[in-house]
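Participant: Take a look at the letters that make up each chain.
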Amino acid sequence: MPIGEQAGAKVWQRRTTKHQLGIWFGWLLGVALFLFCWKQISDVTTWAFFWDVPRIAGDIGGRMIPPRWSYIDKLWVPLWDTLNIATLGTAIAIVMAVPVAFLAARNTTPSATLIRPIALLIIVSSRSINSLIWALLLVSIIGPGILAGTIAIGLRSIGFVAKLLYEAIEEIDKTQVEAISATGASRWQVMAYGIMPQIAPAFAGIAVFRWDINIRESTVLGLVGAGGIGLQLSSSLNILAWPQVTLILIAILVAVVVSEWVSAKVRHAII
Amino acid sequence: MLRLEKLTKKYKTGDMALKGVDLDVPPGQVLALIGPSGAGKSTLIRCINRLVEPSSGRIELNGEDVTRLGAGGLRRARRRMGMIFQEYALVERLTVMENVLSGQLGYVGFWRSYFRRFPQEIVTEAFRLLERVGLEQFADKRADQLSGGQRQRVGIARALIQGPDLLLVDEPTASLDPKTSRQIMRLICELCAERQLAAIINIHDVVLAQMFVQRIVGLRLGEVVYDGPPDGLTPEVLTEIYGEEDWAATRDKEADETPAGHGVTEGDPLAAM
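Chains as they are written, first to last, in this note's numbering: chain A, 16 to 286; chain B, 2 to 274.
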């Protein structure tokens, strides 16, 4: 009842008094919960380690500078591998994701009761497992190396690409599809003329976006032995070669910046 | 040529959109289907090429029962029926030429159509049609760059390149201004006359329908309540189709305005002018 009367004039308030009090009480509960958790965490923290942080961070930071520039010669090949893992993984994912997306979209699936749930299951299981975990599994199955990394990236990306793509398919304009069907076109022709032109921009955007994400993901796969620059990072960390770690971090940063620039350019060109 | 017998359509929601419609369309006849929103005009048109599945009844096209056809037979039947839509329904991201050629998809194999390698005589025909509808210099433009009237002309060319016997036209002018509406209606009717095409034109605008067609069918709540010549639409008949309204007043006003008069539709703001 936000509308009331006061001295003959109609007054309007956003909320009723009761509603407003309820909101204040909610905030009170939230703040109380936050303070309680703060206390709990504080009680179990070894504060001695915490007060140490600036000294140790400063110490390691000091050892990291200057980067060991000469080490770059050993990084070109792992960087190239990283790029290949990301690119090939994305390509594999796209090839597998397109049919899954068409099977999962409500308006193109051949059977909403049987096939659609299977397609959705594929999407969910691919998305729910991080690529690092896929890589761990695959390294133990097919052994360490680039192949394991590529497949891990591919498996992780199927769900992502398929999900965004099937959402794009569900949002297409139905009358354009109807118009193509009405000409007597076959099922595949309806797909090629009625649906594909409508999802082409979304498809290109999704593919480049995922490639960009995969560049970043593939830099860590080496930590579990699945190839790429992460392998160098892991071994440098293990032997406490801080100047090398710095250089690797710089290399990754540059690679990511370049990939983001490329994907932004491509997306801009298409849309 | 086209014959509907006891055609009914019941939607899953339980709405009876069509209650036993009988209709006979001889070759080359253009008829207008009028009626209030929700009368089942669109459903009727979409049942004929089975974009909407009819619940019962027969649809006979050139002696063949369309309702019994399988997927392949239905595709062949659809080639004989061109469709024109209210919102044009062009594939927005394809060029005008691709949109026109898509009318031939029923005749061309998948890979040929995928790589846009249509037979030369079809391409020649497409150019001829574009010229006929006045868009010859737009062949290479993307469909979403055209104005409403131009898009509808592309829609017409796409329907005609099918080489149909029958045009199904669903509210061709509802998204267009009054002048363009007349031009589009005139174009459709001229083309039908040139090619001896039959057409069923769904239309809101009674006056526009009366101007251009020889036969008017009035639909109300899924039933045919009028079937006759345009000048048989007396105020009593309009009341039966649309419900109570001072039809005589509208028509007198219309008479004053002609020949410059606009089409007057129920609920059309222009009616107040």
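Just so you know, these hints were derived from the structure itself, not from any lab. Any given hint might turn out to be false.
Straight-line distance between alpha carbons at most 30 Å, and here's what the computed DSBU-like set of lysine-lysine pairs gives [to be verified]:
hint : chain 1 : residue 1 : chain 2 : residue 2
1    : B       : K20       : A       : K189
2    : B       : K13       : A       : K189
3    : A       : K33       : B       : K13
4    : B       : K13       : A       : K280
Participant: Please go over all the hints and tell whether each is borne out by the structure.
Facilitator: Hints, verified against the model:
A C-alpha spacing of about 26 Å is found between K20/B and K189/A, which places the hinted pair at or below 30 Å, so the restraint holds. Restraint check: the Cα-Cα separation between K13/B and K189/A comes to about 19 Å, which is no more than 30 Å; the hinted pair holds. This hinted pair does not check out: K33/A and K13/B have alpha carbons roughly 44 Å apart, beyond 30 Å. With a C-alpha separation of about 48 Å, the suggested pairing of K13/B with K280/A is violated against the 30 Å cut-off.
In this structure, the hints that do not hold are numbers 3 and 4, in rising order.
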